[in-house]
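Student: Take a look at the letters that make up each chain.
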Amino acid sequence: ETGVTQTPRHLVMGMTNKKSLKCEQHLGHNAMYWYKQSAKKPLELMFVYNFKEQTENNSVPSRFSPECPNSSHLFLHLHTLQPEDSALYLCASSQERLNTEAFFGQGTRLTVV
Amino acid sequence: ELKVEQNPLFLSMQEGKNYTIYCNYSTTSDRLYWYRQDPGKSLESLFVLLSNGAVKQEGRLMASLDTKARLSTLHITAAVHDLSATYFCAVDPYSGAGSYQLTFGKGTKLSVIP
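Top line first, the protein sequences correspond to chains A and B.
For the record, in the first sequence the residue sitting at position 73 is 73 according to the numbering used here, with numbers rising by one throughout.
For the record, in the second sequence the residue sitting at position 63 is 63 according to the numbering used here, with numbers rising by one throughout.
Check before you lean on any hint, since a few could be wrong.
Unchecked claim - Some chain B residues close to chain A (C-beta under 10 angstroms, calculated; not the full set):
id	residue
1	V4
2	E15
3	N18
4	Y33
5	L43
6	F88
7	A90
8	Q101
9	L102
10	F104
11	G105
12	G107
13	K109
14	V112
Unchecked claim - Taking lysine to any residue and the SDA-like style, the derived pairs with C-alpha atoms no more than 20 angstroms apart in a straight line are:
id	chain 1	residue 1	chain 2	residue 2
15	A	K40	B	K3
16	B	K109	A	S59
17	B	K41	A	A39
18	B	K3	A	S59
To be verified - The calculated label-pair distances, taken between Cβ atoms and stated as ranges, are:
id	chain 1	residue 1	chain 2	residue 2	range
19	A	G14	B	S51	48 to 54 angstroms
20	A	G14	B	G59	29 to 35 angstroms
21	B	L9	A	T111	22 to 28 angstroms
By construction, these hints were calculated from the structure, which means they are not laboratory data.
Keep in mind the model is a prediction, meaning the values are calculated, not measured.
Virtual Cβ for every residue (Gly too), placed ideally from N, Cα, C.
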């Protein structure tokens with residue numbers, strides 16, 4: 001248990017569905033991240049929020065829409081996904097570069113059918 | 001664009017043996033992280049290396065950083081089965097304040113066999 005909780009752990013959705021992934025951290029961190037882990041690619045950073053403000057969007061398609069209502073919660077809203085979006089989506093949090101590491105949640109295994 | 005290369009990508013080693021995993025990166029950075037991931041699980045932080053020459057040890061694992069060579073190593077001593085996992089290095093290319101963003105290597109899948 002790292003203090004970063006993701007729900008759901010598994011999700012199967014059709015290409016026309018809309019769903020949301022949730023991440024919550026209880027560590028008092030002020031930066032939160034979404035990463036995508038595919039079978040054949042390195043972990044890819046998708047979004048970064050620092051003090052609730054989005055600071056990075058690494059060319060992620062608009063069918064992925066993040067939301068950070070406060071520094072403890074992060075969402076990833078999904079709509080009209082493609083099968084190639086099937087992956088493990090990991091949330092992480094950290095203090096703002098105080099020489100500490102990021103803590104990762106357990107991930108949501110997403111399958112798009 | 002920062003590139004992080006790990007090798008080997010797959011490693012099968014016998015219990016009791018020693019081995020080293022290498023992590024090369026393509027741009028200047030003095031922040032490198034090692035993570036472990038067990039199947040179906042999240043990433044667990046192993047080491048945080050923040051300066052040239054940094055060396056950290058935990059149990060049978062030792063990590064080092066050479067920022068001039070842009071190289072980090074993860075050395076395994078007298079491997080045991082419990083070390084079987086995928087090991088990732090990650091590099092933070094930014095200096096100064098602000099949230100940090102990691103670029104990960106592809107991971108090294110380690111299998112320790114009796």
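Student: Against each hint, give a clear statement of whether it holds in the structure.
Tutor: Going down the list of hints, with the structure as the test:
1. V4: Holds, about 7 angstroms.
2. E15: Where the cut-off is 10 angstroms and the nearest Cβ of chain A is about 28 angstroms from E15(B), the hint is violated.
3. N18: Interface hint status for N18(B): violated (26 angstroms vs cutoff 10 angstroms).
4. Y33: holds, 6 angstroms
5. L43: For L43(B), the interface hint holds, since the closest Cβ of chain A sits about 4 angstroms away, which is under 10 angstroms.
6. F88: It holds, given that the least Cβ distance between F88(B) and chain A is near 7 angstroms, below 10 angstroms.
7. A90: holds, 8 angstroms
8. Q101: holds, 5 angstroms
9. L102: Holds, because the Cβ-Cβ distance from L102(B) to chain A comes to roughly 7 angstroms (cut-off 10 angstroms).
10. F104: holds, 4 angstroms
11. G105: Holds: closest Cβ of chain A sits about 6 angstroms from G105(B), inside 10 angstroms.
12. G107: It holds, given that the least Cβ distance between G107(B) and chain A is near 7 angstroms, below 10 angstroms.
13. K109: It is violated, given that the least Cβ distance between K109(B) and chain A is near 12 angstroms, above 10 angstroms.
14. V112: Since the shortest Cβ distance to chain A is 23 angstroms, the answer is violated.
15. K40(A) - K3(B): OK: K40(A) and K3(B) at ~16 angstroms, within 20 angstroms.
16. K109(B) - S59(A): violated, 28 angstroms
17. K41(B) - A39(A): Satisfied, since the Cα-Cα distance of roughly 14 angstroms is no more than 20 angstroms.
18. K3(B) - S59(A): With Cα atoms ~17 angstroms apart, K3(B) and S59(A) stay inside 20 angstroms; holds.
19. G14(A) - S51(B): 48 to 54 angstroms: holds, 49 angstroms
20. G14(A) - G59(B): 29 to 35 angstroms: violated, 46 angstroms
21. L9(B) - T111(A): 22 to 28 angstroms: Holds: the Cβ-Cβ distance is about 25 angstroms, inside 22 to 28 angstroms.
The structure does not agree with the numbered hints 2, 3, 13, 14, 16, 20 stated previously, though it agrees with the rest.
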